[in-house]
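These are the residues of each chain, in order.
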Amino acid sequence: MSRPEGIQLMEGNHACAWGAIDAGARFYAGYPITPSSEIAEVCARELPAYGGTYIQMEDEIGSMAAIVGASLSGKKSFTATSGPGFSLMQENLGVGIYQEVPCVVVNIQRVGPATGLATQPAQADVMQARWGTHGDHPIIVLCPATVQEMYDFTIRAFNLAERFRTPVILLSDQVVGQTYENISLPDPASLKLVTRKKPGVPPEEYLPYQPDENLVPPMAAYGDRHILHASSTCHCETGYSNFKYGTNRQLLTRLKDKIYNYLDEIIEVEHFGPEDADVTLVSFGSASRVCKYLVGEAEKEGIRVNLLRLITMWPFPDQEVQKALANTGACVVAEMNQGQVINEVNRVNTTNTPVHLASGIDGELIRPEIIMTSIREAVK
Amino acid sequence: MAVKLSYREYFKEEALPLMWCAGCGNGILLRAITDALADLEIPPHQVVVSTGIGCWGKADDYMKTHGFHGSHGRALAFGTGIKLGNPDLHVIALMGDGDALAIGGNHFIHAARRNIDITAIISNNFTYGMTGGQYSPTTPLSYKTTTSPIGVAEPAFDVCSLSEECGANYVARSTVYHVTQLKRFIAAAIQKKGFNVVEAINTCPTHFGRRNIPGDTVEMMNYVKEISISKSRYEKLDEEEKAKHLVTGELVNRDRPDFLSVYREINPAASETGRGEGK
Amino acid sequence: MTKTENKDVVIHIDETLCKRCGFCIEFCNTKVYEADQDGLPLIKNLDQCTNCRLCELRCPDFAIKVEVVNNE
Numbered sequence: 272m273s274r275p276e277g278i279q280l281m282e283g284n285h286a287c288a289w290g291a292i293d294a295g296a297r298f299y300a301g302y303p304i305t306p307s308s309e310i311a312e313v314c315a316r317e318l319p320a321y322g323g324t325y326i327q328m329e330d331e332i333g334s335m336a337a338i339v340g341a342s343l344s345g346k347k348s349f350t351a352t353s354g355p356g357f358s359l360m361q362e363n364l365g366v367g368i369y370q371e372v373p374c375v376v377v378n379i380q381r382v383g384p385a386t387g388l389a390t391q392p393a394q395a396d397v398m399q400a401r402w403g404t405h406g407d408h409p410i411i412v413l414c415p416a417t418v419q420e421m422y423d424f425t426i427r428a429f430n431l432a433e434r435f436r437t438p439v440i441l442l443s444d445q446v447v448g449q450t451y452e453n454i455s456l457p458d459p460a461s462l463k464l465v466t467r468k469k470p471g472v473p474p475e476e477y478l479p480y481q482p483d484e485n486l487v488p489p490m491a492a493y494g495d496r497h498i499l500h501a502s503s504t505c506h507c508e509t510g511y512s513n514f515k516y517g518t519n520r521q522l523l524t525r526l527k528d529k530i531y532n533y534l535d536e537i538i539e540v541e542h543f544g545p546e547d548a549d550v551t552l553v554s555f556g557s558a559s560r561v562c563k564y565l566v567g568e569a570e571k572e573g574i575r576v577n578l579l580r581l582i583t584m585w586p587f588p589d590q591e592v593q594k595a596l597a598n599t600g601a602c603v604v605a606e607m608n609q610g611q612v613i614n615e616v617n618r619v620n621t622t623n624t625p626v627h628l629a630s631g632i633d634g635e636l637i638r639p640e641i642i643m644t645s646i647r648e649a650v651k
Numbered sequence: 133m134a135v136k137l138s139y140r141e142y143f144k145e146e147a148l149p150l151m152w153c154a155g156c157g158n159g160i161l162l163r164a165i166t167d168a169l170a171d172l173e174i175p176p177h178q179v180v181v182s183t184g185i186g187c188w189g190k191a192d193d194y195m196k197t198h199g200f201h202g203s204h205g206r207a208l209a210f211g212t213g214i215k216l217g218n219p220d221l222h223v224i225a226l227m228g229d230g231d232a233l234a235i236g237g238n239h240f241i242h243a244a245r246r247n248i249d250i251t252a253i254i255s256n257n258f259t260y261g262m263t264g265g266q267y268s269p270t271t272p273l274s275y276k277t278t279t280s281p282i283g284v285a286e287p288a289f290d291v292c293s294l295s296e297e298c299g300a301n302y303v304a305r306s307t308v309y310h311v312t313q314l315k316r317f318i319a320a321a322i323q324k325k326g327f328n329v330v331e332a333i334n335t336c337p338t339h340f341g342r343r344n345i346p347g348d349t350v351e352m353m354n355y356v357k358e359i360s361i362s363k364s365r366y367e368k369l370d371e372e373e374k375a376k377h378l379v380t381g382e383l384v385n386r387d388r389p390d391f392l393s394v395y396r397e398i399n400p401a402a403s404e405t406g407r408g409e410g411k
Numbered sequence: 002m003t004k005t006e007n008k009d010v011v012i013h014i015d016e017t018l019c020k021r022c023g024f025c026i027e028f029c030n031t032k033v034y035e036a037d038q039d040g041l042p043l044i045k046n047l048d049q050c051t052n053c054r055l056c057e058l059r060c061p062d063f064a065i066k067v068e069v070v071n072n073e
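Chains as they are written, first to last, in the numbering used here: chain W, 272 to 651; chain H, 133 to 411; chain D, 2 to 73.
I should point out that these hints are in silico values taken from the structure, not numbers from a laboratory.
Check before you lean on any hint, since a few could be wrong.
Said to hold, decoys possible - Residues of chain W placed beyond 10 Å of chain H at every Cβ, according to the derived structure:
no. : residue
1   : 469
2   : 591
3   : 650
Said to hold, decoys possible - Restraint ranges, calculated between C-beta atoms of paired labels, are given here:
no. : chain 1 : residue 1 : chain 2 : residue 2 : range
4   : H       : 325       : W       : 384       : 42 to 50 Å
5   : W       : 594       : H       : 141       : 56 to 64 Å
6   : W       : 385       : H       : 136       : 52 to 60 Å
7   : D       : 52        : H       : 368       : 29 to 37 Å
8   : H       : 145       : W       : 473       : 15 to 23 Å
9   : H       : 325       : W       : 280       : 41 to 49 Å
10  : H       : 371       : W       : 305       : 46 to 54 Å
11  : H       : 368       : W       : 407       : 57 to 65 Å
12  : D       : 35        : H       : 343       : 28 to 36 Å
13  : H       : 281       : W       : 523       : 38 to 46 Å
14  : H       : 400       : W       : 523       : 43 to 51 Å
Claimed, not checked - Computed cross-link-like contacts, PhoX-like style, restricted to lysine-lysine with a CA-CA straight-line distance of at most 20 Å:
no. : chain 1 : residue 1 : chain 2 : residue 2
15  : H       : 190       : W       : 515
16  : H       : 357       : H       : 368
17  : D       : 66        : H       : 144
18  : D       : 66        : H       : 136
19  : H       : 357       : D       : 32
20  : W       : 571       : W       : 651
On a predicted model such as this, the values are computed, not experimentally measured, just so you know.
Here a beta-carbon is modelled for each residue, glycine too, at the ideal position from N, C-alpha and C.
Whole structure, please, built from the sequences with the hints as guidance.
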């Protein structure tokens, strides 16, 4: 099948796969799991024609490992999964973060814990995406809400991964992943793609973990004459293990700073509805689509509601949320979990704005009345 | 005559002394690997060594080739991505017995089934050395370890039989005593396409030997030497004696097509540059 | 560094790398080595060295180098 062009009716997962291919992904390793498997299926069918490789690994531990390995060999690589698989990927996600390996992990969230309501939608992996792998670490997480964004944000995820030399998570959910919508596919040649910076020094001078001014080390690939030593053990600029006092502090500080010093390149939110409002909804992903609908519905009841949609979930948009809280009467956080983002909202709530939770945990797209009830409560 | 390459092209001499215990054979195995690479004259930048976790998982710190040190049991899973990301590379996975066959057992059997072009070199010292001498999937039945103080209740895996059954192209067992044989098998495994396994029976005087072999480092090495016999001699033993011995030698040498060859045959476009490549 | 020569071979032993495992002493076919009190290999019978280099290959610590100085 040739690449679809122009306006297409497409499933979110298919849009994600095409976004990855258009972003230059040439390696996919994965393990089948609903509701993400269509991403694997498109890659299995399409990657060979692009000179790429699809491999179905024995589990998600191996899938995550394989995409880290392929990226170190110079290929843009990714995987896709859902809750149980995302849990298994946490181990080697940490390896990717510590070794600074650009790659993309797509999580089409479903209800958990455990097998949960397989395979109905949820948004309950927000904190797992942030802290799922052990140890201190930064992470970049994007939340698409439409099929178009499944395509666009997958490309953005690859660009951020390559720019910052780090794994990026596309945190979607079953509703967004398996909805069919019209999307507009751009000419691939028109896309702005980012590719990791290669070493600018001769091989004998190359230190694989010596950062540039922007704190990101230029990256050789396995097979280059620039020798690349990537270690999951605490390492210094050489890449070899190093247990001297101060080395881990230096490494962890740089890993954090290389991302947190450049938040303006990463943080993205969407403001929807009137500027001044009685109630500001904070939401993301599929739940934010219900919120958009409710901006109009609440107006009918005489309540002015607007929406702050989190596109970047991690690093958390502290300033944007803080500003929104300062400029509203009350806040309702609408999320399909028992309350994860609300804790982050409260963390930055320096104005003591009343914050309410609208929680959807029924294995379906959050019902409007759940959010509406919270809105009415907020203006009481 | 051209100047022969030295193991020093691959071995990071400035990292000496090695971190392993006195009488641990990991250093001997490292020398055999670097000697084999030198004999084969493979440029160091065309080699990636992928290690797991454990005593033998530290081996990458002593290599000047490309190196990867990942998580426990996953050397083959990372190695699979490394190989498929750049099929021109020689990928050598260095794993211990617990690393390869307990936590990494699933990756191991599937790497063999797939026949992915990776050389797996297993340092089998019958125990988890790094964590203090617990029993592993290769600890012989009834042998003592810190977690089997009276004797281990589980039978051991035969690494080579398992590899053969799962589909490896080349399977050989040697020991850190039989150093020239060991190097020969490693060189053969690296040269051959497909999933190739060399099991190196290794010494662990500190943990395994202390609890099971009376004597010191030398007695530990003598144990390794004595349990290892050729197939023809092994077959003459009675069942009780067989249980105390391991067959050394080239045990499997066949030519199943490797994963990538089959993948490329089925997907002819995959072997070409492809229309989207290089953008 | 111990360095002892005969007409064909030189054996270097790096005392700082040697961990005194005793493999070289025990497994030398021609009994070139003997153990010092602390287990360090001493070269006793260099004349018997056949330059098989097994001691070098079996040294787990890269502490032995056998060099041919006069290739006939």
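Do the hints match the structure? See the list:
With a least CB separation of 14 Å from chain H, residue 469/W remains clear of the 10 Å interface cut-off, as annotated. Listed as outside the interface, residue 591/W is consistent with that label: its C-beta sits roughly 33 Å from the nearest C-beta of chain H, beyond the 10 Å cut-off. At roughly 51 Å from the closest C-beta of chain H, the C-beta of residue 650/W stays outside 10 Å, upholding its exclusion from the interface. Under the hint 42 to 50 Å, the C-beta atoms of residue 325/H and residue 384/W, about 44 Å apart, fit the expected range.
For residue 594/W and residue 141/H, the hinted distance range of 56 to 64 Å is satisfied, since their beta carbons lie about 59 Å from each other. Between residue 385/W and residue 136/H the Cβ separation comes to about 59 Å, which falls inside the hinted range of 52 to 60 Å. Roughly 35 Å separates the CB atoms of residue 52/D and residue 368/H, a value that falls within the hinted 29 to 37 Å. As the Cβ distance of residue 145/H to residue 473/W is approximately 22 Å, the hint placing it in 15 to 23 Å holds.
Against the hinted window of 41 to 49 Å, the Cβ-Cβ separation of residue 325/H and residue 280/W comes to about 45 Å, which satisfies the hint. Separation of residue 371/H from residue 305/W is about 50 Å and conforms to the stated range, judged on CB atoms against 46 to 54 Å. At roughly 59 Å, the beta-carbon separation of residue 368/H and residue 407/W lies within the given 57 to 65 Å, and the hint holds. For the pair residue 35/D and residue 343/H, the beta carbons lie near 30 Å from each other, so the given range of 28 to 36 Å is met.
Judged by the Cβ atoms, the range 38 to 46 Å given for residue 281/H and residue 523/W holds: they are separated by roughly 39 Å. Under the hint 43 to 51 Å, the C-beta atoms of residue 400/H and residue 523/W, about 47 Å apart, fit the expected range. Restraint check for residue 190/H and residue 515/W: satisfied, since their Cα atoms lie roughly 17 Å apart, inside the 20 Å limit. For the given pair, residue 357/H sits about 18 Å from residue 368/H by alpha-carbon distance, which is consistent with the 20 Å threshold.
For the hint linking residue 66/D to residue 144/H, the alpha-carbon distance of about 16 Å falls within 20 Å, and the restraint holds. Using a Cα cut-off of 20 Å, the hinted pair residue 66/D and residue 136/H holds, with the two alpha carbons roughly 17 Å apart. For the given pair, residue 357/H sits about 18 Å from residue 32/D by alpha-carbon distance, which is consistent with the 20 Å threshold. A C-alpha spacing of about 16 Å is found between residue 571/W and residue 651/W, which places the hinted pair at or below 20 Å, so the restraint holds.
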